[in-house]
Amino acid sequence: MDEKNLQNRFYDTPYGRKILKCIQCGTCSASCPLTGLMEHGPREIFALIRDGDMEPALRSETPWYCVSCYQCIARCPQEIPVIDLMYCLKRMSIEYDLVPDSHKIPDLYRAFSQVVGHHGRISEAMVMAHYGMLHPLDALKNISVALELLKRKRLEILPQQIIGRRWVAQLSDREKVRKYIK
Amino acid sequence: MKYGFFPGCSYSSAAGYRESIDAINRLFGIQLVEIPDWNCCGATALFSLNEFKALALTGRLFALSQASGFREIVTVCNACYTTLRKANQILSNNPEIVSKINEDLSKEGLSLEGEFSVRHYLDVLYNDVPEETWSENLTERLKDYEVACYYGCQFTRPWGDIDHMEQPTILDRFIERLGFLPVDHSARTICCGASHAISYAKECRLLISRIIREVRAKGGRVITTICPLCQFNLDSGQKGISNPIPVPFFTQLAGLALGINASELGLDKLLVPINRILSRKL
Ligand code: SF4
Ligand code: SF4
Ligand code: SF4
Ligand code: SF4
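Protein chains in written order, with the working numbering: chain A, 1 to 182; chain B, 1 to 282.
In case anyone wonders, no lab produced these hints; they're calculated from the structure. Predicted, not measured: the structure shown is a model, and the values here were computed from it. Hints are not guaranteed to be accurate.
[Claimed, not checked] Below 27 Å or equal to it, Euclidean Cα-Cα: the simulated BS3-like pairs (lysine-lysine) are:
no., chain 1, residue 1, chain 2, residue 2
1, B, Lys218, B, Lys143
2, B, Lys239, B, Lys202
3, A, Lys153, B, Lys239
4, A, Lys141, B, Lys202
5, A, Lys18, A, Lys4
6, B, Lys269, A, Lys151
7, B, Lys269, A, Lys153
8, B, Lys269, B, Lys143
9, A, Lys153, A, Lys141
10, A, Lys141, A, Lys151
11, B, Lys202, B, Lys269
12, A, Lys141, A, Lys104
13, B, Lys239, B, Lys218
14, B, Lys239, A, Lys151
15, A, Lys104, B, Lys202
16, B, Lys202, A, Lys151
17, A, Lys141, B, Lys239
18, B, Lys239, A, Lys104
19, A, Lys4, A, Lys21
20, B, Lys202, B, Lys218
21, A, Lys141, B, Lys269
22, B, Lys269, B, Lys239
[As the list claims (entries may be wrong)] If you want the footprint, here are the derived chain B segments under chain A, 3+ residues with CB under 8 Å:
no., region
23, 10-24
24, 30-42
25, 46-54
26, 145-159
27, 195-206
28, 266-274
[To be verified] Computed list of chain A residues with no C-beta within reach of chain B, every gap over 10 Å:
no., residue
29, Tyr11
30, Asp12
31, Lys18
Even glycine gets a Cβ: it sits at the ideal position worked out from N, Cα and C.
Could you put together the complete structure from these sequences and hints?
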């Protein structure tokens, strides 16, 4: 893996160079609700990238723990778009096949995306059905809630189908377009 | 008052959200016109996997809205609200992407151009329905009932234009206008863990219980929310704890304050029951 090359790839993404302004104050990591689960907080991830340690940054579970809550962004003194950088790391880790196997969120997002691709909309039950094939324990844990919802006529199994679902399904994976984004 | 409406995927199964919004709309003559054939906005999941798809999905929504004559889109979910606003911002600064998306959209006979404004239904009720209309229609019966407002994390962020990013008050002001007593607390915008609650349930329970504990300590008797996922996580996340706090939508509380019959507000769909508490007051 050519670390230098990866670092440049990262810097060339729309917000990549913003991390050069990071003053390593740690406000983001201290504010993040998921920080307790992360091996490296956002601050450390940016330090890794600046040091050129791209593989550990891309293999890290941190971006997958990020729930886009914007807490870090609300407080960062340097106005660094942490979430957009996390999105970027996630997409790069997919591109370079470095998605951490141990993490469950990539499977959850893929399940979500598959259901959107098939139907155009999601139902929680259908996302769970796709995801549950890979993580049956998580699905089982949710059965009691599902029954509660069923009792209250709130469980929708099939997503509503939209007319444009074929259009949605054909959306090709055009990662290249990313370079246009300013 | 007529708006384009993007309900989002969680709307129809949410606990009485639709029922209460329909009831308020009937009373005030607000028309929410559903964008025909809308698709899921993709939210964090799609932005994490494939940015073009994420933008094309939201682009299609805007194009559909444009085709039905609406430049103003009302949402009822925090994730939809922020996702659409974010996409709107990216698209309006990147004409190259819009033309790529338009190439694809032309297959559906759609095209996307110009600006859109994305709003939350809370904003509509608070700012577009005049204060006098509210006061003329309110009943007194829930006066001074202690309500904790939970905004979730994505409503005010990242722009902070509708209200303060960390300590917003618009929902508190709304609740106060209805006659309730908003309680001051510090969990207004603390994240509940979103869809991570599926995969990392135990960890997210900690986030949720932190919110519940704070509200309880500050004397909130119900927690009101403005987003189906916030509502679901706080409601289902209290399973097994003693004296759980009911989590009605802000529209259900508004309905009660307006004297709309509880049975029309879908209150029986909440997981933590609210009726017992209300009947003491009603
Ligand atoms: S809060 Fe901002 S400046 Fe501080 S460490 Fe995080 S990203 Fe860097
Ligand atoms: S947006 Fe992501 S990184 Fe920032 S505080 Fe929230 S979860 Fe943590
Ligand atoms: S963000 Fe959630 S509710 Fe909104 S459209 Fe997407 S899946 Fe549906
Ligand atoms: S609090 Fe949870 S559900 Fe609500 S907006 Fe934030 S992440 Fe989404």
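Which constraints among the numbered hints does this structure fail? Numbers only, ascending.
Every hint satisfied by this model.
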